[in-house]
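Read top to bottom, the protein sequences are chains A and B.
Residue numbering for the first sequence follows our numbering, starting at 227 and increasing by one per position.
Residue numbering for the second sequence follows our numbering, starting at 2 and increasing by one per position.
Source of the hints: derived by calculation from the structure; they are not laboratory data.
Treat the numbers as computed from the prediction; the structure is a model and nothing was measured.
Errors might be hidden in some of the hints.
[What the hints assert, rightly or not] What follows is a set of in silico ranges between Cβ atoms, one per label pair, in the way DEER data are often shown:
1) A:LYS571 with B:GLN116: 49 to 57 Å
2) B:GLU302 with A:ILE341: 43 to 51 Å
3) B:GLN261 with A:SER338: 52 to 60 Å
We put the beta carbon where it would ideally sit given N, CA and C, even for glycine.
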Amino acid sequence: MSKILALTGDQAAAEAMRQINPDVVAAYPITPQTEIVMNFAQFVADGRVDTEMIPVESEHSAMSACVGASASGVRAMTATSANGLALMWEVVYIAASNRLPIVMPVVNRALSAPINIHCDHSDSMGARDAGWIQVYCENPQEVYDLIIMAIRIAEHKDILLPVMVCQDGFIISHGVERVRIYEDRMVRNFVGEYRGQNVLLDMDNPVTYGPLDLQDYYFEHKRQQSLAVSNARVLIPDIVKEYEKISGKNYGFIEEYKTEDAELAVVSLGSTAGTAKALVDILREQGRKVGSVKIRFFRPFPAEEIAQCLSKFKAIAVLDRSESFSSHGGPLFNEVRSVLLESEKRPVIINYIYGLGGRDIGMEQLESVFNDLKEMAEKGLNKDKFINYLGVRE
Amino acid sequence: MATLKELSQRPERLSSGHRLCAGCGASIAVKQILLGTDKPVVVGAATGCLEVATTIYPFTAWKVPFIHNAFENVAATISGAETAYKALKKKGKIKKDIKFIAFGGDGGTYDIGIQSLSGALERGHNMVYVCYDNEAYMNTGIQRSGATPCGASTTTAPAGKVKPGKEQIRKDLTSIVAAHHIPYVAQCSIFHWKDTVKKAEKAFNVEGPAFLNILAPCHRGWRYPQEDTLEIAKLAVETGFWPLIEVEDGVWRFTIKPKQRKPITEWLKLQGRFKHLFKEKNKGLLESIQKQVDDHWNYIEKLASCLGDK
Numbered sequence: 227m228s229k230i231l232a233l234t235g236d237q238a239a240a241e242a243m244r245q246i247n248p249d250v251v252a253a254y255p256i257t258p259q260t261e262i263v264m265n266f267a268q269f270v271a272d273g274r275v276d277t278e279m280i281p282v283e284s285e286h287s288a289m290s291a292c293v294g295a296s297a298s299g300v301r302a303m304t305a306t307s308a309n310g311l312a313l314m315w316e317v318v319y320i321a322a323s324n325r326l327p328i329v330m331p332v333v334n335r336a337l338s339a340p341i342n343i344h345c346d347h348s349d350s351m352g353a354r355d356a357g358w359i360q361v362y363c364e365n366p367q368e369v370y371d372l373i374i375m376a377i378r379i380a381e382h383k384d385i386l387l388p389v390m391v392c393q394d395g396f397i398i399s400h401g402v403e404r405v406r407i408y409e410d411r412m413v414r415n416f417v418g419e420y421r422g423q424n425v426l427l428d429m430d431n432p433v434t435y436g437p438l439d440l441q442d443y444y445f446e447h448k449r450q451q452s453l454a455v456s457n458a459r460v461l462i463p464d465i466v467k468e469y470e471k472i473s474g475k476n477y478g479f480i481e482e483y484k485t486e487d488a489e490l491a492v493v494s495l496g497s498t499a500g501t502a503k504a505l506v507d508i509l510r511e512q513g514r515k516v517g518s519v520k521i522r523f524f525r526p527f528p529a530e531e532i533a534q535c536l537s538k539f540k541a542i543a544v545l546d547r548s549e550s551f552s553s554h555g556g557p558l559f560n561e562v563r564s565v566l567l568e569s570e571k572r573p574v575i576i577n578y579i580y581g582l583g584g585r586d587i588g589m590e591q592l593e594s595v596f597n598d599l600k601e602m603a604e605k606g607l608n609k610d611k612f613i614n615y616l617g618v619r620e
Numbered sequence: 002m003a004t005l006k007e008l009s010q011r012p013e014r015l016s017s018g019h020r021l022c023a024g025c026g027a028s029i030a031v032k033q034i035l036l037g038t039d040k041p042v043v044v045g046a047a048t049g050c051l052e053v054a055t056t057i058y059p060f061t062a063w064k065v066p067f068i069h070n071a072f073e074n075v076a077a078t079i080s081g082a083e084t085a086y087k088a089l090k091k092k093g094k095i096k097k098d099i100k101f102i103a104f105g106g107d108g109g110t111y112d113i114g115i116q117s118l119s120g121a122l123e124r125g126h127n128m129v130y131v132c133y134d135n136e137a138y139m140n141t142g143i144q145r146s147g148a149t150p151c152g153a154s155t156t157t158a159p160a161g162k163v164k165p166g167k168e169q170i171r172k173d174l175t176s177i178v179a180a181h182h183i184p185y186v187a188q189c190s191i192f193h194w195k196d197t198v199k200k201a202e203k204a205f206n207v208e209g210p211a212f213l214n215i216l217a218p219c220h221r222g223w224r225y226p227q228e229d230t231l232e233i234a235k236l237a238v239e240t241g242f243w244p245l246i247e248v249e250d251g252v253w254r255f256t257i258k259p260k261q262r263k264p265i266t267e268w269l270k271l272q273g274r275f276k277h278l279f280k281e282k283n284k285g286l287l288e289s290i291q292k293q294v295d296d297h298w299n300y301i302e303k304l305a306s307c308l309g310d311k
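From just these sequences and the hints, can you work out the full model?
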C-alpha cells in the first residue's frame, strides 16, 4: 500500500525520517535545509516519533552529538547545508573513521564567500574524500526513497559507513512534486531495528572510542575504511534489489536515459538530470541521437559502470555544479574522465561548470552543449572548448 | 559523603600504567572525581594530555566506556551519548542508572570548547563536565590559553626582553558557567581531596548538568619539581589564587576558606614560569598580580554574601 502526496524535497526527507523513527536527531537550522528539521521537530512535538531531539548550538555540535549517540549504539541522524557542512567538517571525517552509520540529508547550497543561499554542489563535493557514501537525488521522490535505503546501506555490518543523501537546494528542497509514500509499517520493516556493535553503552564490555593511533596502526585502520567503501560497491546492489521488490523502483549506481543508440550524452548529478531528460525527449523528436546519464552514487564511485556506459558514445559532456579551482575542470569531470583511460574506445569528453550559486540552467543552455558535442563528435576535440563555463557572463 | 573505607572500595576506573607524567595533576583529578559515584560511568575526553596518554592504541587505561571525539566537542559528544541513553531507557532497552562525564583541559574548555560546553549546559543534559585546569595548552607544549594566569611565561607568550609573559588576566570560566544557572558548579583542588570528592558526589547526584573546575598543576609547564604537585595545588588555595567555592542551586559559598590568605608571591616563587617576575624591573607586575588575586577574592566574597546561604 502506498499513497501519493504533494511534497517538497525537504518535506519528503522529513517524512522519510518520521518513518525511520531514529532514536536521536541532533540538528541545527540552515537555509535551505531548515524545513527538514522544522518538520521533524513538529513530528517530535506531536509525539509521532519516539526520537530524542538535541537542538544543538551549531552544526559542529550536531555532528559531534551524532557521533556520541551513534557510538552509543543507537540510530542517529542530522541534516545540513553549505556552511553548516563546512563547520562540521572535522567531525564529518571522524564519523566515517569511527565507522558510525549516521545518515545525513544534505541540501546542496553554495559555500561562502560571497554568501549565497542557492544551489550548487560545492558543499558536498568538498566532502567527497571524507569517507562518506554520497548519493545525489534528482527529485523529492528520490530523496524519500534514498534516505530510507541509506539507512540499510549505512548500517550493513560489512559497510558501517555514514551516508549523505544530497538534494539540490530550493530546486528540489522547496519544489513541490508528487511523491509516493509507503506505509509506515513497510518502511519500518525495511529499515529494521538497529543494533550497534561494540557500543559505548555496553557497560559490561567497555570499549574505548577515538584512541591515539600512531604510525604502527593508523594506516591499517585507514585501509580497513577503504575496504568498507569497496564492500559498499558490492553490497549496495543487493539493498537496491530488495528495495525494488517493495517499491518497484530500481536505484542503481547510475541511470541512463535514452542512451541505447545515442552518440552524444551529458553526464550530471541531481536535478539537472531531469532537465537533461526533458531536452533529450525534444531532441529525439527531431531525430537527434542524444541521451543523458545520471550518476546517483558518487561515493563509492561506480567506475566500471561509468566506463562501460560512456565508452559507447562519440562525445560526452560532464556537467559540474561546483568548481574545484584546479584550472583543470570540476570534480565530477576529472573522476569521470579518468575512468575512461582504460577503455578501448574513448569518446571526446569535455567539461561544463554551471549553475554556481543557484544560477538557473535552462534547456537552451543544455541544447548548446549538445551542439558543441555534435561538432566535436564530427571534428574531434576543440581544445578551446575543453573546460567551459555555462551560463556565466564573461 | 562516603567514608574513606567506602571510597577505598569504589572501583578504579582509570588504571595505573597510563602514560601521563609522574606527578601529573590531571590523573589525580580524574581519580578523585570518579570516586564521587559508585554508579557505572561513561567517560568522554577532549583531545589533550589526558586523552592521548591514556589511549595509545592498542592499549587503553580506561576500565569503563570511553570516547574521545575531537578537541572542542567533548560536551556535545557526551550530550549525544547521554541522549542515546535516554532514548534507550525510554524504550526499556537499558535498565542501569548510568552517569555521563566529560573531561576537558583548560584549552578544550575555556577556549576552543566553550561553545560546545555552553550549548550542552543550556540544553540541560544530565552530565558532569570536569575541566582539569593546568593553565595552558600542555599537550602541544605549554602554549598560553584563556586560563593562563597573568605573568606566566608560555611558549606562545614567553617572557622576553620586552614582554613579561602573558599580559592579560585569566578568564573566570567558573563564573561564566555559573551564569548558565545549572544546578551545581564548583571549583576544586587536588590537594583538598575530601572537598573534591564531596563536590563530585554532589555533581553526580544532581538532575541536569554539573560543572567542576579543578586546578591540576602541571610540573612540565609550571616548572617545579614533580614531587611538589600537591604542595603547589595547596598553595594556590592558601594564597586565594584558587578559591574553593561551590554554586549550588544559585547559592554561592566557600567550602574551604583560608583564615589568612598568604601573599601570592608564596605560590609564584616556586614556579619557573613566574621566575622572571622576581626581577627588580617587574616588581610592579607582582603588585598588580596580587591586586588581581585580591580583586577576584573580593568579587567571590561579594557573591557569597549577596547570593550565599541566608
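Cross-check of the supplied hints:
no. : hint                               : in the structure
1   : A:LYS571 with B:GLN116: 49 to 57 Å : 55 Å, holds
2   : B:GLU302 with A:ILE341: 43 to 51 Å : 48 Å, holds
3   : B:GLN261 with A:SER338: 52 to 60 Å : 57 Å, holds
Violated hints for the displayed structure: none, as all numbered hints are satisfied.
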